[in-house]
Each structure stands twice: as structure tokens, then as C-alpha cells.
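Protein chains: 2
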Amino acid sequence: MSKVNPAKKLLMIPGPTNVSDKVMNAMLKAMISHRSTDFTALLESITEKSKYLFQTKEHIVTITASGTGGVEAIAFALVRPGDNVVVPVYGEFGQRLAEAIELAGGNVVKVFAEPGNVPRLDEVKEAIRRTDNLKAVYTVHNETSTGCAIPYVQELAKAAHEKGAFMVVDGVSSIGGYSVPVDAWGVDMCVTASQKCIAAPPGLVIVSLNGKVAEFLKKTSPTVRYFDLGKHLDFLEHGFTPYTPAVSLYYALDEALAALLEETLEKRVARHVRCANQLYSAIESMGLEPFAEKSCRSNTVITVRCPKGVDDEKFREILEEEHGVVITGGFGPLKGKILRLGSMGNVTSANIQTTVDAMAKVFSKLGYQVHHKPIADVAVRGP
Amino acid sequence: MSKVNPAKKLLMIPGPTNVSDKVMNAMLKAMISHRSTDFTALLESITEKSKYLFQTKEHIVTITASGTGGVEAIAFALVRPGDNVVVPVYGEFGQRLAEAIELAGGNVVKVFAEPGNVPRLDEVKEAIRRTDNLKAVYTVHNETSTGCAIPYVQELAKAAHEKGAFMVVDGVSSIGGYSVPVDAWGVDMCVTASQKCIAAPPGLVIVSLNGKVAEFLKKTSPTVRYFDLGKHLDFLEHGFTPYTPAVSLYYALDEALAALLEETLEKRVARHVRCANQLYSAIESMGLEPFAEKSCRSNTVITVRCPKGVDDEKFREILEEEHGVVITGGFGPLKGKILRLGSMGNVTSANIQTTVDAMAKVFSKLGYQVHHKPIADVAVRGP
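In order, the protein sequence lines correspond to chains A and B. For the first sequence, the tail end lands on 383 under the working numbering, and the numbers increase by one without skipping. For the second sequence, the tail end lands on 383 under the working numbering, and the numbers increase by one without skipping.
Please keep in mind that the hints were generated in silico from the structure rather than gathered at the bench. Incorrect hints may have been included.
Copies of the same chain look alike in the list, so a pair counts if it fits in one copy or across any two.
As the list claims (entries may be wrong) - Pairs of lysine-lysine residues, derived as DSS-like cross-links and limited to a Cα-Cα distance of at most 27 angstroms, are as follows: (1) 8 x 22; (2) 231 x 335; (3) 373 x 361; (4) 373 x 308; (5) 51 x 3; (6) 158 x 212; (7) 22 x 3; (8) 308 x 294; (9) 57 x 3; (10) 22 x 373; (11) 337 x 231; (12) 314 x 361; (13) 267 x 3; (14) 231 x 219; (15) 231 x 110; (16) 218 x 335; (17) 335 x 294; (18) 335 x 314; (19) 294 x 158; (20) 308 x 231; (21) 51 x 212; (22) 212 x 373; (23) 219 x 337; (24) 218 x 163.
Okay, chain A solo, but in the shape it has when bound (with noise of 0.2 angstroms):
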């Protein structure tokens, strides 16, 4: 018998996330041969329900991969040797998301942005016009590792469209935290992974593209096999995914989106907003300085500036050995600078007040004086 048997702890790290009982618990349906009738109806369950949280009626695919498989995927679907490509860079993921751009052949025009904001709009857009023959313009919608969002998403989808260019967003940590519109932003295509905002556990991406993408992927070679997305669209139209597919996490997805249906994106992406404002409110009322620029600053992904004196690996190890909250910190650049908080998937107010709670026991264990309230004084009200 297996000896490993953790301890169930709140996880605010941006994924995975904390999956509930009844979601879990889907994982123990019937196995079931992944060729079979049974197959083919739980893939368009989920399916369904994928077109309601992406808010489109063109196509989802669905993949065995964690996040950064889904990435490659949409980067190799269009991509092409000598490809032009506009990618807003403004931390960690929207570097990786150049890179598998890169790895497919694409010459990748990055915009910056300094670190905790996110590259301007005219200067995004500005790249976009002056680069001739643009295949695409890339970008991670929310960046994980820094806590910023664009909000301009649909504007860059326009700009990218008058150059005849494709728009594609990596939505791995917003969609479900966000309202992502992919028909009527004009995304042409989309990825999330399951273990962020759809909490469910991770091991599956979803993809959404549009006609124009697929027609596109009927059209040309494919580079790639197993992130294939032209095959998959293939195998759709038989009720299969290509590959066999990790069919007990298929079940806890179809669960997790059936609870997202029922609590409506409308009420999800509210819950989402309001615990980021308590959150915000709770680490500003600390004295505490969030990390990521107000105009920017994230609903699923909280970042803030390690105060000084305070060392952030200790700080996070007593958080989560003496209460059971566990937080993450920066990397890269940021490592040791910023604590990272995810607030998504299954996030509550409640959730919000322990961590707050813990965080405040544990700055002051280390001689670090806050100050803090119950978040229901700081917070925006709501349900």
C-alpha cells in the first residue's frame, strides 16, 4: 500500500486549487474504454458546458496536459517557420509563450511592460501595425507570475484582425475568474487548464478556436502530434479525442463545469472580483503593499511585496506548517521579493478571512508588526 497520505490544507496558490468533495468524488465513476458510447457522451458534456464558460458556439477541444501543454498547443497550431508574431511580454508566462512560439519557427516581437504593470496599449498596438505580413498576436491574458491582468483584450483582438492576423489568448489563470467573451471579443482561439478557476484537478487543458482557425488547420501540415489540434478537431467528429484520454479526470471536469453552470460564469466572476477586492483590501489595511499596479492588478492572482526584514520562504513554510494556508512566492526575478496568493476556483470570503487571519499571526511571529481587521470592515460587500 502507498505510505504517502498528505494532510488537506486551503491552498491559495494559483493552482492547483481546492477541489470539493463532490468533484472529487466524480473520479471514481466507472472506468470506461475511451472508444465507447459512454466516452463519446461524457467528451460532449463537456464539451457543452466548455462553450458556456468560454461563451462561444465554435469549437473546444480538450487535451491531457497540464497548462503548459495546452500553450504549445495553440503556439504550434498556427505557427510556422518565419512566422511574425506580437506577444505583450510582462512576466514569466508571456516569456514562455514567446518561447514555444519561437520553438515553432515564429520571429516573436515582444512588448515589455515594467515589472507589476502591463505593456501600453499604444505600444502594443503600435507593434502590431508596423509589423508586416503579422501572423498572429499572442497573449497571456493573466500573468500568473506577477499578478497583472490586460484589460485590453478585445482591443488588441481588432487591431490584429485590420492586419488580417490571428488573435490568440492564453486565459491558463482567468478563465472563470474572468469573463472571457471569445465570440464576441473576436479570439480566435483560447486556452484554460483545469485546475485554476474551473477547479477541477489538473491534468486537463480545453482549448476553444474558432472556424477561421480550423479552416486554417484543415489546410496546412501540422508540426506537432500529440498537441495536434487539427486531429483532434478530426477525432471530435467521431465523439473521440485521438489519444487515450485521463478519462477519471474527464469525469471530475464534466463535475467541476456542471457546478460552474449552476452558480452561473455571471456569479463565478463576482465571487472572483469580490474576494480579490477583500484580499486587496485586507493586505492594504496590513500595511502591506500589493505588488501588481492598481489599474492591472489581477482578480485570481494576488501579489505583494515582501516587507522587509521578513524572509519569505520562512514566513510561507510557518504559514503553511502552523495553519495550513499555503501561498507561494515570486520567481525568477521575483524570487524572494513578492508573496503570490491565488484566489480562484472554488475561492470564498471565508477562505479569504483565514488566510488574512494566518498571514497577520505569522508577520507577527517574525517581528513584523500589522495591522489587521476582520475583512468584512475592509472588504467590498457582498454575498
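Given the structure of chain A, go ahead and fit chain B onto it with the hints provided.
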């Protein structure tokens, strides 16, 4: 709430296979951060047990993907544009392996076989001898599409090494149902998947690779990202996977490997041999003809020629709907011509009896009379 809830059936297909309740329930363990010491402990536990399975002291890498993803990983790990690679092709999965290598830029020298057989060893050795600048020999060990297995992996490894080339094995449907001592046989890299002989849910692949491969990965640039085994090795040094793993499936894999250790590999392989022999005997006793040549027929995937006048799809439909037994058919050129049975993972003699009884009844129902005896009368004896 999700409305999808299929009935549990006896899966006699080559994956997904029947998963024990203990392994299913392991998926309910606490959701954890993939950057925690808890996850490191889980990964180490899987790694240690996998070393036992592959009979290796070298490296083990796990990836969230289907078996096809794992095959892509082993292909892109070593093959660079212009590399010469010899591949015995004796079915659909050999063909796919060759395609993955070609996608990586390799020139593939294919050695074919008659349907239902494997290439002759001397022909493969001759191809190895006459190929200049040979980079590697890649082979499927057990061909799921035809029910044939090559009995000469060790000889191929010797021939490959004499040419200074790597030996790589796709053991997706063999590892656990066969003893494949990769270190002793000189297999430099080998891949398997969670949902076959290991009897865990689908969604994970396990790769064994030795120091020679690790060294090659260190000194060359990767041409893939998600499936970059070099990056996986780098992260393993810190106890992590590079990208968010399917945590729940890792728990299940650890539990399934624990069951394998408790049974012992030796006994698990013997059980696969016994069940396969019982199935072959019963098939022949029914007057049916196995598709694979006796000299190379598989321990894990049993193929049978579909008797004249029996509609393969109808047969399988009745078998599943009236008897709850799921088998599969041929694909590609073998569509409608053969029946394929997975006899792997947790398979028992009782499962074989149930399957054979049900098959006999459905053959009768369809007007095809078969001789049918309890398997105890015809089978190789065993516990």
C-alpha cells in the same frame, strides 16, 4: 450535477484496463501544491517503484500525457534532423513510432513483417549493419494492433550498441506484462503508460532512461518543450516536475505500483502469461484462429480472426450490452477482420472465463456454433 455516470463493465481491451477500488480511491487523497515537499515525496515514491518495474538503477521520468505523448517524448529526446534510425514496423503502433521519429526529422529505415508476424531478426540486424551513421534503433516491444511481440529486444540492443547507436523501446503495452530488465538488456530508453499492465487510470507515462541518454540530453538543445526529457531531469533534481502534474493520477499510480510490488513483478508476469495462455487455449478450443503467429504472440493483447459470417461490430456490441464484457476490433487494414482482447493489468483467470463464456454465447446467438469448455480443462495450470 454531471449527468454522465456509465455502468461498470469488464474491460478486456488493451487499456484503459480495470482499476482496483484501492487504486481508484487513492485519487481522493488531498489536493496538494506540486511545489511542496508532499509532492516530492509522492514523486520519489513513484520513481523508486518504477525502478523496480523497469529493473533499473538509472533515471525515471513521469509525464502527464497519454502513451502517444510518451512515444513522442522518446522520439524527440534523441532524434535530430537528418539522423538515421532503424525501426521494425509490424503494425499500427510501429508505424506511429516511425512517424514520430520522422516528425523529429529522422530518416527512418523500416523493416516490415507479414501481418500477424514480427520482422525476422536477421533482417533487422542487417538493416542495422548497413545503415551508416546510425543514431538509434527504436522498436515497439508489443504491437497492440496485431497482438505480436518481438522476442529479441536484447539482441537488437546488442546490434545497436555495436554500431554506437542508442536502443529505445516503446513498452507501452508490455511493461509489467513482460519482464523487461532495461539495464541488463541494454535498453537505453523505454516508455510505458499508466493504464495498461500497471492498472492505474490513464493519463500518465513513465520513461526509463540511462546515463548515456541523460548525457546526450544535457549537451544538446531540445526541439520540444512539454516533452523535453532533459528539462524533466533538471527539475527532478529538486524533486519536482517542470509543469503542473496531474496530482490525483500520481496518487493512483503510486498505489498501483505498490500493488505491483506486493504481487512482485515475477508473479505479475507469470499471471499475464497464464491468462494469455488460457485465452489462446479457449479460443482454439472454440475452433477460432488466433491472428498472431504462435512464435510471437503476445502476453497482453490477444488477437483472433473474426469467423466468416460474423459481423465484428455487432458481435462486440452484443457482448458489451448483454454480457458487460468490452473487447475491441481491428483497425486500419485489420478493421472488421480481427477481434482484439486486452488481457492485462489486474486480469485474472476468472475474467478470462467470464469473457470466454460470454463470447461463446454471442457467437451462438449470431448463428456461429463454437465448441466451448471451461478454461480449467484447456488452460495452462496456475493458481
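Cross-check of the supplied hints:
In this assembly of identical chains, the alpha carbons of residue 8 and residue 22 lie at most 27 angstroms apart whether taken from the same copy (16 angstroms) or from different copies (19 angstroms). Proximity of residue 231 and residue 335 under a CA criterion of 27 angstroms is satisfied inter-copy only: 20 angstroms between copies versus 40 angstroms inside one chain copy. In this assembly of identical chains, residue 373 and residue 361 lie within 27 angstroms of each other by CA distance solely inside one copy; the values are 12 angstroms within and 73 angstroms between copies. Taking identical chains as interchangeable, the C-alpha atoms of residue 373 and residue 308 lie at most 27 angstroms apart only when both belong to the same chain, with a minimum of 22 angstroms there against 80 angstroms between chains.
With identical chains, the CA atoms of residue 51 and residue 3 are at most 27 angstroms apart between copies only, with a shortest distance of 17 angstroms across copies and 40 angstroms within one. Only within a single protomer do residue 158 and residue 212 lie at most 27 angstroms apart by alpha-carbon distance; the minimum there is 15 angstroms, versus 51 angstroms between protomers. Taking the shortest alpha-carbon separations for residue 22 and residue 3, both the intra-copy value of 25 angstroms and the inter-copy value of 13 angstroms come in at or below 27 angstroms. Taking the closest pair of Cα atoms, residue 308 and residue 294 come within 27 angstroms of each other only inside a single copy of the chain (21 angstroms); across copies the shortest separation is 73 angstroms, beyond that limit.
For the identical chains of this complex, residue 57 and residue 3 are inter-copy neighbours only, at 22 angstroms across copies versus 46 angstroms inside a copy, given an alpha-carbon limit of 27 angstroms. In this homomeric assembly, residue 22 and residue 373 never come within 27 angstroms of each other (Cα to Cα): the closest approach is 33 angstroms inside a single copy and 45 angstroms across copies. With identical chains, the CA atoms of residue 337 and residue 231 are at most 27 angstroms apart between copies only, with a shortest distance of 25 angstroms across copies and 43 angstroms within one. Within a single copy, residue 314 and residue 361 get their C-alpha atoms as close as 13 angstroms, which meets the 27 angstroms cut-off; across copies the closest is 67 angstroms, which misses it.
Within a single copy, residue 267 and residue 3 get their C-alpha atoms only as close as 40 angstroms, which misses the 27 angstroms cut-off; across copies the closest is 22 angstroms, which meets it. For a Cα distance limit of 27 angstroms, the shortest separation of residue 231 from residue 219 inside one copy, 12 angstroms, qualifies, whereas the shortest one across copies, 33 angstroms, does not. Only between protomers do residue 231 and residue 110 lie at most 27 angstroms apart by alpha-carbon distance; the minimum there is 24 angstroms, versus 30 angstroms within a single protomer. For the homomeric pair residue 218 and residue 335, the shortest alpha-carbon distance between copies (25 angstroms) is at most 27 angstroms, but the shortest distance inside one copy (43 angstroms) is not.
Within a single copy, residue 335 and residue 294 get their C-alpha atoms as close as 21 angstroms, which meets the 27 angstroms cut-off; across copies the closest is 61 angstroms, which misses it. Taking the closest pair of Cα atoms, residue 335 and residue 314 come within 27 angstroms of each other only inside a single copy of the chain (13 angstroms); across copies the shortest separation is 61 angstroms, beyond that limit. Taking CA atoms no more than 27 angstroms apart as the test, residue 294 paired with residue 158 passes inside one copy only; the shortest distance there is 25 angstroms, against 64 angstroms between copies. With identical chains, the CA atoms of residue 308 and residue 231 are never at most 27 angstroms apart, being 52 angstroms at best within one copy and 34 angstroms at best between copies.
In this assembly of identical chains, residue 51 and residue 212 lie within 27 angstroms of each other by CA distance solely inside one copy; the values are 17 angstroms within and 47 angstroms between copies. In this assembly of identical chains, residue 212 and residue 373 lie within 27 angstroms of each other by CA distance neither inside one copy nor across copies; the values are 52 angstroms within and 59 angstroms between. Taking identical chains as interchangeable, the C-alpha atoms of residue 219 and residue 337 are never at most 27 angstroms apart, the minima being 48 angstroms within one chain and 33 angstroms between chains. In the homo-oligomer, the alpha carbons of residue 218 and residue 163 lie at most 27 angstroms apart inside one protomer (22 angstroms), although the nearest pairing across protomers, at 41 angstroms, exceeds that limit.
Hint violations for this structure: numbers 10, 20, 22 and 23, all remaining hints satisfied.
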